[in-house]
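Can you make the complete structure from the sequences, with help from the hints?
Protein sequence lines correspond, in order, to chains Y and V.
Its first residue numbered 1, the first sequence is counted upward by one per residue in the numbering used here.
Its first residue numbered 1, the second sequence is counted upward by one per residue in the numbering used here.
In case anyone wonders, no lab produced these hints; they're calculated from the structure.
Incorrect hints may appear among the rest.
Pairs count within a copy or across copies, as identical chains cannot be separated in the list.
[Said to hold, decoys possible] With a straight-line cut-off of 16 Å between C-alpha atoms, the simulated EDC-like cross-links for lysine to aspartate or glutamate are:
id	residue 1	residue 2
1	Lys-123	Asp-82
2	Lys-123	Asp-224
3	Lys-424	Asp-105
4	Lys-30	Asp-490
5	Lys-325	Asp-273
6	Lys-123	Asp-81
7	Lys-241	Asp-225
8	Lys-371	Glu-320
9	Lys-417	Asp-207
10	Lys-194	Asp-490
11	Lys-30	Asp-168
There are 2 protein chains.
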Amino acid sequence: MAKVKKTPRPKAETPKGFRDYFGADVTERKQMLDAIAKVYHAHGFDPLESSAVETVEALGKFLPDVDRPNEGVFAWQEADDDTWLALRYDLTAPLARVFAQHRNDLPTPYRRFAMGPVWRNEKPGPGRFRQFYQCDADTVGTASVAADAEICMMLADALEAVGIERGDYVIRVNNRKVLNGVLEVAGLPDEATKERGIVLRAIDKLDRLGSDGVQALLGEGRKDDSGDFTEGAGLDGSQAKTVMGFMEATGSTVDETLSNLSVLVGDNETGSDGVNELRQIADYCADAGYGPDRIVVDPSVVRGLGYYTGPVFEAELTFEIKDEKGRPRQFGSVAGGGRYDDLVKRFTGQAVPATGISIGVDRLLAALRMKGRIGADTQGPVVVTVMDRDRMADYQAMAAMLRAAGIRAEVYLGNPKNFGNQLKYADKRQSPVAIIQGSDEAERGVVQIKDLVLGAEIAETASVEEWKEQKQQFECPLDEMVAKVQEILDR
Amino acid sequence: MAKVKKTPRPKAETPKGFRDYFGADVTERKQMLDAIAKVYHAHGFDPLESSAVETVEALGKFLPDVDRPNEGVFAWQEADDDTWLALRYDLTAPLARVFAQHRNDLPTPYRRFAMGPVWRNEKPGPGRFRQFYQCDADTVGTASVAADAEICMMLADALEAVGIERGDYVIRVNNRKVLNGVLEVAGLPDEATKERGIVLRAIDKLDRLGSDGVQALLGEGRKDDSGDFTEGAGLDGSQAKTVMGFMEATGSTVDETLSNLSVLVGDNETGSDGVNELRQIADYCADAGYGPDRIVVDPSVVRGLGYYTGPVFEAELTFEIKDEKGRPRQFGSVAGGGRYDDLVKRFTGQAVPATGISIGVDRLLAALRMKGRIGADTQGPVVVTVMDRDRMADYQAMAAMLRAAGIRAEVYLGNPKNFGNQLKYADKRQSPVAIIQGSDEAERGVVQIKDLVLGAEIAETASVEEWKEQKQQFECPLDEMVAKVQEILDR
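As structure tokens, then:
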């Protein structure tokens with residue numbers, strides 16, 4: 001007889017590159033974002049939650065005339081009108097769309113913050129996910145560098161609010177205009193996009209390749225240890241010297257750095273503008289008490305994105321961690337941003353200057369975990385165990401008494417037959433306390449309180465005598481239960 | 001000479017059926033969800049944030065063998081392996097996948113709550129969006145009706161925590177098993193899916209169609225006012241009577257309702273099980289002080305979804321509002337849920353009983369707004385105006401002083417030339433206070449404080465004398481500024 005073919009069971013798996021966040025992961029991220037939101041809100045920034053889905057046209061990074069414009073994004077076509085939609089890949093492109101769409105109703109300047117997931121259709125790898133959180137603050141509609149300075153100072157406040165101590169971070173500020181000025185002086189005009197691209201990437205690698213490596217990339221090119229050759233920008237000796245001078249312009253004071261830069265750009269207009277803007281930002285910050293221990297001018301900051309047009313910022317955590325080979329290194333970048341004056345113009349045709357910062361939520365969370373600055377609230381609930389199935393109402397009442405006193409509590413709702421399973425459950429929940437009341441205790445109006453934290457300690461370290469004392473479990477009248485549990489939690 | 005064709009500008013529009021949430025919209029929703037999360041957390045529920053993207057296979061509602069399985073969801077195909085991915089359409093299907101995937105690491109029973117956007121690929125209409133929030137709490141892995149009772153009581157606590165007063169809501173509980181028992185008694189076995197479907201939909205329409213309308217749908221069918229005919233379930237007189245009896249079983253007490261139901265199901269096993277479960281739930285709730293003024297057995301609750309297998313719940317707000325024609329009606333449903341014992345089984349083959357509730361976030365928010373229970377924190381920041389562009393640092397310092405005292409404050413960062421624009425900006429921001437300091441005030445160490453709330457009142461109602469007094473603006477020493485602003489905010 002032929003068997004009836006069954007529909008195969010679906011696989012219980014997240015799609016490749018996606019993950020779920022449980023319990024403490026969710027709570028800790030929320031705790032951090034709430035602290036940041038409080039700082040941003042205090043500075044007059046308003047929350048914005050734009051839709052997760054945008055038209056591919058509005059997102060902009062992609063060509064509307066290719067057959068399937070989903071390079072880098074998750075995209076699909078509407079059924080009825082062929083419009084391509086996509087999940088947002090960052091929070092800046094949607095902000096530009098929102099401001100262009102609602103500019104008549106929004107105040108100008110518009111200060112906004114946004115927190116939420118973004119999606120990238122990239123090859124997933126270890127620790128690289130296709131959905132992750134961003135946390136942005138931007139000011140749209142003002143060309144004033146006071147807005148750039150404000151963003152930097154507010155970022156410093158936000159880092160301190162979540163628990164990064166002063167001295168453990170620094171916000172580096174540079175200006176694309178200075179770099180552009182230097183490149184013009186070096187004889188690389190605006191049109192030399194390819195060479196400029198190579199120069200930008202080379203500067204970005206100073207940390208990793210050192211001065212010699214960068215110099216090679218500015219000239220003919222560089223062969224790495226594996227023998228692979230990277231094409232260089234083809235600058236001659238004097239051009240390369242100018243660019244290297246830019247990266248090495250950092251002096252022992254902000255003034256020294258700025259005058260080094262002034263010399264490099266000479267009378268180049270773009271460059272001089274840039275140096276002046278940097279000076280103003282440094283002055284605003286210093287006047288407000290944010291000195292170079294927190295916010296510093298640093299010519300080696302480039303920032304990858306093409307759309308920056310003026311000041312660029314990068315926040316780095318400076319405390320040491322060990323890399324995968326056990327060598328000490330700085331924790332590194334947790335936030336970056338800058339001025340982008342042309343994103344809204346795409347929609348409106350009118351220039352709308354804007355500046356902002358984006359915090360890498362997962363990076364900052366990882367730093368806080370390393371420093372032990374987060375995770376206080378991961379304790380499980382008090383578990384009221386079930387000795388007698390018919391007395392569920394009594395157990396529910398105990399849990400309610402505890403909750404009324406502000407103590408997280410629940411009744412065990414699995415099969416109560418095997419009491420060991422109930423205690424295993426409490427362990428898995430990281431419960432601090434279990435409550436036990438059999439019919440004997442019920443008659444006498446008492447409960448057993450089991451201190452699971454102390455119990456675990458005793459199990460690990462106690463002598464035979466201590467073990468026998470069984471201090472981790474004691475009896476108390478029902479009407480003292482809440483106070484006794486509170487004592488254990490306070491310890 | 002031929003003109004160079006320009007690329008057309010992208011449209012600054014949200015995709016059809018999507019929207020953006022600004023300022024107070026975001027804050028108020030967060031405030032409400034935080035209050036609900038606090039209640040759920042106190043009951044031992046852990047937060048879960050699953051990925052927004054699932055495989056279509058895991059979402060399950062859809063056939064894997066159709067060419068483009070995006071009926072109702074936003075779906076697309078992976079570039080490299082043809083897997084169909086989709087945005088989640090609710091939070092229950094992902095929970096089933098998460099539990100099946102992680103069941104060895106999760107505690108059982110697993111209590112979890114989840115809050116976040118879900119997406120539906122439906123035709124958008126007025127007030128109907130394709131992205132909206134859900135807020136769910138579920139207990140997975142226990143068949144105990146104590147879990148169902150807990151969900152109902154916790155929902156009552158959550159509604160009160162966000163500001164719905166006792167008496168303004170009721171949680172109605174029914175049981176699919178009772179209904180199934182009644183249908184079996186009426187001679188409609190399990191296999192009569194089509195007829196059962198018609199009966200379920202008919203019961204769900206009792207409110208709207210009244211007893212006669214439902215009776216017609218149970219029988220041959222019903223012609224509505226426009227002449228459209230809806231096919232009926234084809235029950236005969238005695239069958240229809242049994243079903244009508246079910247809907248009309250509500251007595252003046254819970255006991256009366258339950259014994260009416262007992263009579264209807266007779267010795268039908270499914271039905272008797274259901275009545276017993278309802279009795280247990282009602283007892284648990286009553287014992288814990290949640291009487292029929294808050295949680296009530298109501299045989300007319302059906303709940304649309306096919307996957308419910310036992311108790312079903314519905315929370316209704318009972319206060320009156322006016323409908324679109326100005327007639328009074330109850331606000332209606334804000335949450336619904338029930339027991340679904342087969343969703344995890346799809347993945348694992350083993351039965352995993354589960355029960356839960358989902359709050360309609362936008363509906364509940366709308367109710368809170370109507371009752372004036374939310375929206376306290378929508379005040380804009382104090383705006384420090386700019387009289388003298390060279391003294392930005394001083395203005396920044398004033399804003400910092402205010403923030404240090406916990407007062408939301410910002411410096412005007414637009415073009416300061418036109419002072420009227422600065423005040424218009426403060427208006428648009430709903431600022432309570434503007435700070436003004438020209439060079440004259442600066443020399444004397446004072447500031448002007450402009451009370452914008454009082455100013456608006458005077459502008460509307462003041463007599464000429466009051467107007468002349470100009471009480472809404474006064475001068476004070478800089479070191480008293482914070483205290484004076486605080487006085488205005490406290491008023």
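Up to 16 Å CA-CA - Asp-224 versus Lys-123, copy category
Result: close neither inside a copy nor across copies, 25 Å intra and 56 Å inter.
At most 16 Å between alpha carbons: which applies to Lys-424 and Asp-105, within, between, both or neither?
The answer is between: 12 Å across copies meets 16 Å, while 57 Å in one copy does not.
At most 16 Å between C-alpha atoms: does Lys-194 with Asp-490 qualify within a copy, between copies, both, or neither?
The answer is neither: 63 Å in one copy and 59 Å across copies each exceed 16 Å.
One pair to classify: Lys-123 and Asp-81, alpha carbons no more than 16 Å apart. Within, between, both, or neither?
Between copies only: 12 Å across chains, 30 Å inside a chain, cut-off 16 Å.
Within, between, both or neither: how does the pair Lys-30, Asp-490 come out at a Cα-Cα threshold of 16 Å?
This pair counts as neither: shortest intra-copy Cα distance 24 Å, inter-copy 30 Å.
Alpha-carbon proximity between Lys-30 and Asp-168, which holds within one copy, between copies, both or neither at 16 Å
Answer is neither; intra-copy 22 Å and inter-copy 31 Å both fail.
Up to 16 Å between alpha-carbons, please classify Lys-241 paired with Asp-225: within, between, both or neither.
The answer is neither: 25 Å in one copy and 87 Å across copies each exceed 16 Å.
Since the copies are identical, ignore which copy is meant and state whether Lys-417 and Asp-207 lie within 16 Å (CA to CA) inside a copy, between copies, both or neither.
neither (62 Å within a copy, 44 Å between copies)
Go through the copies and call it for Lys-123 and Asp-82: within, between, both or neither, with a Cα cutoff of 16 Å.
Classified as between: cross-chain Cα gap 15 Å, same-chain 27 Å, threshold 16 Å.
Using 16 Å as the alpha carbon limit, work out where Lys-371 and Glu-320 are close: within a copy, between copies, both or neither.
Within one copy only: 11 Å inside, 53 Å across.
What label fits Lys-325 with Asp-273 when the C-alpha limit is 16 Å: within, between, both, or neither?
neither (44 Å within a copy, 63 Å between copies)
In terms of the numbered hints stated before, the structure departs from hints 2, 4, 5, 7, 9, 10 and 11, listed from lowest to highest.
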